[in-house]
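Trainee: Read top to bottom, the protein sequences are chains F and Y.
Each residue of the first sequence is one higher than the last, beginning at 44 in my numbering.
Each residue of the second sequence is one higher than the last, beginning at 35 in my numbering.
Calculated directly from the structure, the hints in this document are not laboratory data.
Certain hints may be false.
Facing chain Y, from chain F, some residues (calculated, C-beta under 7 Å) [said to hold, decoys possible]:
| hint | residue |
| --- | --- |
| 1 | L50 |
| 2 | N57 |
| 3 | E59 |
| 4 | I76 |
| 5 | R160 |
When the alpha-carbon atoms are kept at most 30 Å apart in a straight line, the in silico BS3-like pairs for lysine-lysine are as follows [to be verified]:
| hint | chain 1 | residue 1 | chain 2 | residue 2 |
| --- | --- | --- | --- | --- |
| 6 | F | K68 | Y | K328 |
| 7 | F | K47 | F | K114 |
| 8 | Y | K416 | F | K68 |
| 9 | Y | K416 | Y | K328 |
Label pairs and their in silico Cβ distance ranges [what the hints assert, rightly or not]:
| hint | chain 1 | residue 1 | chain 2 | residue 2 | range |
| --- | --- | --- | --- | --- | --- |
| 10 | F | V159 | Y | K328 | 49 to 57 Å |
| 11 | Y | R420 | F | L148 | 39 to 47 Å |
| 12 | F | A186 | Y | L323 | 45 to 53 Å |
| 13 | F | R125 | Y | R288 | 25 to 33 Å |
| 14 | F | A100 | Y | R277 | 51 to 59 Å |
| 15 | Y | R288 | F | D152 | 15 to 23 Å |
| 16 | Y | I266 | F | V159 | 35 to 43 Å |
| 17 | Y | R288 | F | V159 | 23 to 31 Å |
Keep in mind it's a predicted model, so treat the numbers as computed, not measured.
Virtual Cβ for every residue (Gly too), placed ideally from N, Cα, C.
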Amino acid sequence: MRDKVMLLVEDDPNDEALTLRALAKSRIGTPVIVVRDGAAALDYLFARGEYAARDAAQLPAVMFLDLKLPKIDGFEVLRRVRADERTRLLPIVILTSSNEDRDRLEGYDLGANSYVRKPVESTEFAAAVGQLGLYWLRLNEPAPLWGR
Amino acid sequence: MTLSRERDVRETIAKAYVEALGKYALEEGEAALAQAYALGREALAHGIGVLEMVAIHYEAVLAVSPSLQSRPQSLVPLAAQFLNESLSPFEMTMRAYQASARLLGLSETVAERTADTDRARDQLQMILDATTAVIYLKDADGRYVFVNRQFQQVFNVRREQVIGRTDADALPPALADALRRHDQPVLAAGVPGEAEVTVPLHDGPHTYIALKFPLRDGAGAPYALCSVATDITERKRADEALRNAKEAAESANRELESFSYSIAHDLRAPLRSIDGFSQALLEDCGDRLDDEAKKYLHFVRDSAQHMAHLIDGLLALSRVSRSALQPSTVDLSFLAGCVLQGLQAADSGRPVETVIQEGVVASGDQHLLRAVLENLLGNAWKFTGRCPVARIEFGADLRRRPVVYFVRDNGAGFDMEYADRLFGVFQRLHSAREFEGTGIGLATVQRIIQRHGGRVWAASEVDRGSTFYFTLGDESARE
C-alpha cells in the first residue's frame, strides 16, 4: 500500500482545500493527486498528455470524483473508465453537492462504487472525507487488477 | 260579316227558335229537339255567342208562354231541356276549348317546371355563394364547371375568367400547382379524398382542409370532381400557438429543473467554504482568536448551515412540484410510526407520548405522503419541545368523505389570526429564537396535498396545541 495514491477530481479550489485538510486530519498519509477537470482525470488514469511519463499500470487506490466538472463531466469520466479494460474495476467514489435522484441513479448505473453528498456542515464534511479515506485505503480490498 | 247581316242571322234564328220551342212545348217530339240542336249549330257557325243564344232562348220562352196557358208550369222543364239541346254544340266547342286549354296548361307546367329548376339552381348558387367554404366543380379534363363566390374572393378571380379553363390557364402557377396536385389523384382514381392544401394567398399562405369527391353519371362513371374546402388557417394557428405554449412551458420546466440543479450544486459549494473555513479558523488558528472572535465565527457557521437548510427545503419544494405522482395504497399509520421513531431516535432525551390510530390507509404517492407526515409530525415534535408532557397524535375520521386525516399536538400552538399565512413559503409564525425553522415545510405539505386534489387546514390556540387536518381529494377515483 505504500506506493498507492488517491486521485481527487475536483474543480473547486475551496472544496479541494477542505478535502485535503480533512484527509490530512485523518492521518492516512497517502499521497493525494489532484486533477481539476474530467479530461485531466482521464489523462492521469491512461497516462496520456501531461501524465504520459506515468506508468499506466499503477492505478490509484481510489478516485474521488465530482460530477460537475469542466471539459468532461463526472458521468462521462465514469463511462470511459468503466469501458476501458485497464480501469474498469477501479474503485470510484462520487463526491458531489447533488443529491438528485437521477444523479444517484445514473452514478450507480455507470458503475460507481459509492455516492456521497458533500455535507455543508464542516464537521460532518470533515468526518465524511476522513471516513472515506480510511475505508477505501485501509479497509477495502481492491480487485486484483493485474494479477490475472 | 256586316252588322246588318249579323242582326238578320240573329232574327232568323230567333224566329225559328220560337217556332221550334212552341212545337216542342206542345208535342215534346224528337224532331223539335233536333231542330234546337240545329239552331245551336247554326248560331255557333255564325259567330253568335253562347250568352246571346241564352238571350234568344228566354225571348222565345216569353213569346211561347202566353199560348201555353193551360199548362204553363210544364214549360219550365221542357224549356230547360230545349236550351240544353240548343247549347250542346257550344258545349262541345267548350270541351274542345277545355282540352286545348289543358294542353296549353301542360306547356304552362313545363314553363313552371323550368322556372322551378331555375329557382332551385339559383337557390343552390346562393347557398354555395353564402358559405365560407371554397367550392368548385371541374370536369374530367380539369376544366372548371362551377366556382362559388368564396372561390372568386379567395383566389381573386372572376367566375368567367375560370369557367371552361384549367388551373394552369386560369390561376397563378403556384396556386394552380397546389390545386392540381391534390385534384389529380381523385380525378384519376375516382375515389373521394381529403387533403390539407396550403395555398399562397395575398395575406400569406392559407391552409384548407379540402374534401374532394367524384361526381358520377347515371352509369356510375365519374365525369367531374367537386372540391369543398374549409379554411383552417386560424385553427392551425391556434394549434400552433398551443403547441408553442406547451413547448415554452416544458422548456420553462426544464429551465427550472436545471435552475434547481444549479442551486443544489453551486449555491451549496460556497456555503461549504464559509462553514468549512470558519471551522478551520476555529481549529487551526484558535490560539490566536479571542472568545469574541470565536463567537462571531460560530454565528457565521450557524448562518451558513441555516442557508443550507433553506436551499434543501426549496429543492424539496420544487421536487414536490415537478415529480410525477405515483399513486399506490399507502399505510399512513405505519409511515407515521416510522417517522415518529426517527424523531425519537434523533432526540432521545425527550419523553414524548405518541398515539397512532391503527389501520389508516390512504391512496396516494408513498414518498410524497411520507414527506407530509415528516413535516407535520416534525413540526409537532418541534413545537412540543417546551412541554413537560408532550403528546403527539396521528389519526383519521374514516367515516367522513373525503376522509379527514389529522396530526395533533399539545405544543406551543399559534394565533389563529395568522392562520392564512401558515402555508406560505418562508412564512413563519414563530421567531427563530423560539423555534428554528425554514418556513418551507408547510408550503411543501400544501403543495403535496394540492397535487393529490386535497385540502389542508389547521386549528390551534396559543399554548394549547395545534391540529393539522388534511384530505386527499377523491381517493376512490384515483384507485
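Trainee: Compare the structure with each hint and give your call.
Mentor: Hints and how they fare:
1. L50: 20 Å, violated
2. N57: Result: holds, 4 Å to nearest chain Y Cβ.
3. E59: Violated, about 11 Å.
4. I76: At about 21 Å, which exceeds the 7 Å cut-off, the nearest Cβ of chain Y leaves the hint on F:I76 violated.
5. R160: For F:R160, the interface hint is violated, since the closest Cβ of chain Y sits about 9 Å away, which is over 7 Å.
6. F:K68 / Y:K328: It holds: about 21 Å lies between the C-alpha atoms, which stays within 30 Å.
7. F:K47 / F:K114: With Cα atoms ~27 Å apart, F:K47 and F:K114 stay inside 30 Å; holds.
8. Y:K416 / F:K68: 35 Å, violated
9. Y:K416 / Y:K328: 28 Å, holds
10. F:V159 / Y:K328: 49 to 57 Å: 30 Å, violated
11. Y:R420 / F:L148: 39 to 47 Å: At 42 Å between Cβs, range holds.
12. F:A186 / Y:L323: 45 to 53 Å: 47 Å, holds
13. F:R125 / Y:R288: 25 to 33 Å: 28 Å, holds
14. F:A100 / Y:R277: 51 to 59 Å: Once the Cβ atoms are compared, 56 Å apart, the range 51 to 59 Å for Y:R277 and F:A100 holds.
15. Y:R288 / F:D152: 15 to 23 Å: Check passed, 21 Å falls within 15 to 23 Å.
16. Y:I266 / F:V159: 35 to 43 Å: For F:V159 against Y:I266, whose Cβ atoms are near 57 Å apart, the range 35 to 43 Å is violated.
17. Y:R288 / F:V159: 23 to 31 Å: Between Y:R288 and F:V159, where Cβ atoms are some 27 Å apart, the hint holds.
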